[in-house]
Amino acid sequence: MSDNLYLPKIGRIVGINEETQGARAIKTFKVEFPNDDGFEHDCGQCAMLSMFGKGESMISIASSPLVKEYKQFSIMKMGRVTSAFHAAKIGDFIGIRGPYGNQFPLHDWKGRDLVFIGGGVGLAPIWPVIQTAIARREDFGKITVFYGARTSNDIMYEDDFEKLKASAEVQLSVDAPEEGWPGYTGFVPANLMDKAPSPDNAIAITCGPPIMIKFVIQNLQALGFADEQIYTTIENKMKCGVGKCGRCNVGKDYVCVKGPVYSWAELKSLPQEY
Amino acid sequence: MSNPSKTTEVQSFEPRIVAFLCKWCSSAGSDLAGVSRIQYSANATPITIPCSGSVSPMYILSAFNKGADGVLISGCHPGDCHYMEGNYLARRKLYLVKELLQFIGLESERFRMSWVSAAEGAKFAEVVDEFVEDLRVLGPQNRLKAKP
Amino acid sequence: MEKILNQEKLREWVDMLDDCEVYAPAFADSVWNYARIEAGTDIDLSHTNTIGSVKEFVFPQREVFFRFEKKDGVPVLTSTLPDPKPTVVFGVRPCDGRGMPRNDTVFNKEFEDPYYWARRNKLTLVGLACNQPHSPNCFCQSVGGSPHSEDGLDILMTDLGDRFHVKGITVKGVEAMERGRDAFDAVRDGDQTEVEKVHDTSRSFPQRPLDNLDAIPKAIRESFDSPLWADMAQHCIGCGICTFLCPTCHCFDINDEVISPTTGEGERVRTWDNCQFPDFTMHTSGHNPRADLGSRLRQRVSHKFLYFVENHNTQQCTGCGRCITECPVGIDIVAVLERVSQ
Amino acid sequence: MVNVEEIRDYAASLLEKEEVKAVLGFRRGSASAFAEPCTITEVGEAASLVWDPTCLNNLALYLVKDRKQQAVAKTPDNRPVGIVAKGCDSRAVGVLLQENFFKREDVVVIGVSCEGTGVVDSNKLSDKLKGKTASRITFSGADDINVSVYGDETETVIPAQEILADRCLECRAATPTLHDVVFGDTVEARDFNEPFHAAKEAESASEDERWATWEHHFDRCLRCFACRAVCPMCYCHECVVDSTTFVVTLGTSAEEKANRIRWCERSANTSESAVYHLTRAIHLAGRCIDCGECERVCPVNIPLRLLNTKLEKEAFEMFEYQAGHDIEQASLLSSFRDEDPNSFIR
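Protein chains in written order, with the numbering used here: chain A, 516 to 789; chain B, 15 to 162; chain C, 73 to 414; chain D, 107 to 452.
Only true hints are included.
Which chain D residues face chain C? A few, computed with CB under 8 angstroms, are given here:
| # | residue |
| --- | --- |
| 1 | G237 |
| 2 | L328 |
| 3 | C330 |
| 4 | V353 |
| 5 | K363 |
| 6 | E371 |
| 7 | A374 |
| 8 | V406 |
None of these hints come from the bench; they were simulated from the model. All C-beta atoms, glycine included, are put in the ideal place defined by N, C-alpha and C.
Generate the whole structure from the sequences, applying the supplied hints.
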């Protein structure tokens with residue numbers, strides 16, 4: 516039965532953290548495998564989560580591969596499955612299969628500066644990379660994390676950012692002016708230009724809403740980042756996760772297998788159907 | 015289905031009816047039947063709706079799909095609609111539904127409509143009793159029921 | 073293994089496969105389609121091509137993956153992996169046969185699809201060579217196939233008028249022939265020549281041409297932003313006919329179907345899906361990477377004649393012509409490729 | 107006889123005088139012996155227009171598609187569109203006008219009378235040829251249809267009545283009533299089948315036989331949704347049987363999507379397909395103008411038209427209602443009469 520790739524493993528929710536509230540609320544779930552049949556994953560990989568009776572959704576694994584006890588998922592309330600997650604309580608059971616997709620080539624980045632640029636719930640896919648890089652702090656040069664949200668209430672992982680400041684430069688932004696906001700006011704791409712990180716020996720990793728990614732990449736190029744220095748993830752609608760159902764197909768790639776992590780050099784060669 | 019098994023089924027079979035009842039009349043009528051201690055079959059699951067005219071044909075198809083043996087829609091007598099003409103519109107629409115269901119071969123006894131006012135507790139009991147009896151004879155509804 | 077089977081012995085052979093489920097084309101509801109054959113006498117191989125392709129035997133429109141229910145608050149999953157009886161399908165046209173290895177590739181790759189293979193491993197395809205094209209939309213030879221291609225088939229039968237030449241191609245095929253041993257005769261002098269003659273003739277009929285097949289991927293790639301696609305899809309209605317009838321289209325959807333809302337019991341089900349439906353790629357946010365009919369037509373054609381070629385070095389099209397013949401508005405993939413190539 | 111040159115000239119003059127942005131018509135295609143739809147925008151293209159009983163499509167569908175496209179276009183082009191329309195197609199325009207989908211001045215109806223014939227039924231033709239393909243269909247006169255069979259040397263002559271679509275044999279208005287111009291002779295009644303003949307025949311079977319028939323058909327449905335896609339009246343943005351198309355934007359909520367009722371599942375089961383087809387039939391009650399497109403496009407040939415004509419028969423017989431005949435009338439299901447049938451109600 517274990518070789519049946521469509522049969523999910525059972526996971527149990529052991530922690531729920533309300534990240535942001537409102538119509539597009541985000542909650543972070545810690546999930547354990549009560550049957551001890553969990554799997555290892557790499558930075559950037561995803562898992563197909565299910566609420567039985569509602570369906571499945573492909574969600575980025577937001578915890579570092581170094582964390583073995585549980586897997587973490589940050590889920591924005593958007594539709595049928597994600598709403599069911601938002602209604603779930605600690606102790607509830609879910610289905611989980613994976614891991615799916617490729618990974619950020621973190622090992623190739625030894626000795627380089629890392630610039631992370633996240634927006635909204637798009638922080639989740641790059642969060643395990645940040646965590647792993649911090650855990651292996653001596654392997655990398657300067658680490659900078661840009662993150663922007665619509666308002667200060669919409670900032671994910673707020674507590675973790677405080678801890679992060681010890682080992683990385685953190686640049687937070689909100690879209691609109693707010694009284695008492697200490698960080699940058701404006702969109703993420705503008706904040707990036709404002710701080711202008713150096714492209715020398717650096718890798719930029721970005722994820723967020725499609726429109727943000729578009730301008731971040733433009734700005735990175737303006738700052739002198741080469742296509743090979745820019746990494747992002749793309750998320751298309753997925754159903755199977757194993758390169759068969761055809762929904763996430765972009766060019767010759769099934770994003771669920773060949774993606775979701777792409778360097779801009781690779782992504783440029785694909786049709787813009789994401 | 016052979017005849018012997020049908021007989022046993024008739025005896026042991028409790029039909030399930032989904033009853034869409036207008037809140038201004040039939041729903042109150044069913045309450046009256048209860049309050050008046052009229053003994054009648056307990057096979058109908060009542061669903062109170064604002065008006066018989068608000069019944070979408072989807073409700074009926076869905077009830078049969080989910081395994082209802084019969085579907086009853088009950089509203090106010092002609093001329094008595096709280097919204098003036100909802101029951102007239104229902105009559106026309108549900109006549110077509112009835113014809114369509116018959117046309118594809120669903121047993122015609124399984125879909126029923128009645129006018130029951132808030133004062134007609136006894137009539138409501140009669141309508142349900144008759145319906146249950148007829149459905150007992152027909153046996154379970156398998157034609158439109160979703161089969162896992 | 074090569075044998076000769078007299079026309080009237082075909083029924084005997086079918087009857088000897090009595091522990092298998094046997095399917096063959098039958099003409100009903102104004103179309104040829106595969107139907108279960110109860111006895112050899114029911115078999116009729118005068119068919120053109122079936123409306124549904126043989127992919128339905130390995131990739132049915134509805135496949136239940138597993139059932140779920142809750143026991144003491146814990147979800148319990150029961151796999152519904154099929155365990156079908158050995159199934160033999162007669163009258164498979166070589167274009168459909170060629171679809172199979174292409175489907176095998178998709179359902180294998182790095183993730184083996186157990187549902188597909190449970191059915192596939194029990195399936196024996198008995199092909200029937202086309203002595204002449206069935207429809208003006210046949211173009212198997214234009215995509216590297218032939219009216220007597222053995223690719224994907226377990227057995228190939230060739231109609232010699234009063235008798236069939238029967239060739240066992242795979243182990244499964246030879247086994248199926250051995251089961252009907254008594255029905256067959258040995259191949260005699262001259263039979264081979266006759267088979268070759270029939271095959272040669274069958275290839276000589278004109279088909280829809282695809283000039284310079286090798287240049288098509290490049291042409292499609294270069295036309296990606298061309299307004300041609302929107303123009304060619306102008307009358308597309310966005311239905312699922314072309315893909316559902318295609319022997320190689322394999323896209324699907326997965327949904328949970330609740331049987332009992334009270335107990336939470338239900339099934340996870342795979343159903344066919346189609347890149348021509350507007351919601352196929354639509355995100356929940358409404359963002360749709362392929363929002364218009366032109367981009368969806370481009371996707372269907374590109375997948376078959378560009379992306380699949382890049383990944384597997386062959387077209388994901390076997391030239392059966394169904395998508396052309398059955399399109400309600402006359403969208404013609406051969407004509408589309410011609411225009412793109414110009 | 108309809109002279110196709112007249113249609114071409116008229117279409118060309120509409121384009122020349124810029125009275126329309128495009129004309130929807132028929133041309134010969136590469137895919138089959140049947141004509142295919144075309145949209146012409148240049149005067150010169152008018153010469154490619156054809157007219158004969160292989161012109162099956164109801165082009166009103168493309169009026170709907172155009173309106174939908176213009177509604178979301180950055181710079182909408184709402185100039186009128188010309189449409190070549192048979193009697194049934196013109197009734198489709200009528201229903202769309204009745205439902206305020208567009209205005210009368212938005213469309214120029216180039217009516218074409220079917221006169222003594224109608225269109226060829228591809229299923230009946232397939233039955234005649236046992237699945238073989240017609241490579242050419244020509245007409246020697248009103249009564250005979252010549253069919254060249256692909257792969258055969260010979261040409262078969264089939265009496266028209268044997269392969270004309272049921273809807274044409276039962277048609278009560280073969281000449282477009284709603285039109286800006288009409289080509290061909292106006293015909294009142296024709297001596298084919300009585301109206302609703304096929305539906306009446308289906309009704310006459312026993313209940314068990316009727317169910318056996320429809321169970322067989324619902325079971326065969328592939329759920330390709332071609333019937334819905336081709337229907338000019340199926341213009342809903344979100345189909346009631348298709349809960350997945352609901353979009354969560356700033357104006358809608360995740361709960362709305364999550365709580366969307368799934369009236370039927372995507373599985374092509376007998377029960378789910380029954381819900382789909384019956385819902386569709388009811389939704390078309392009083393709106394179906396019997397163009398037969400749903401039945402024509404069905405790849406497995408489910409006789410879908412019967413479901414619609416059954417309801418149109420009831421609408422006509424019980425409520426004296428005919429879809430698409432009067433664009434001013436209240437729709438079937440938004441109106442009633444005191445004398446509507448009541449005896450079926452307890």
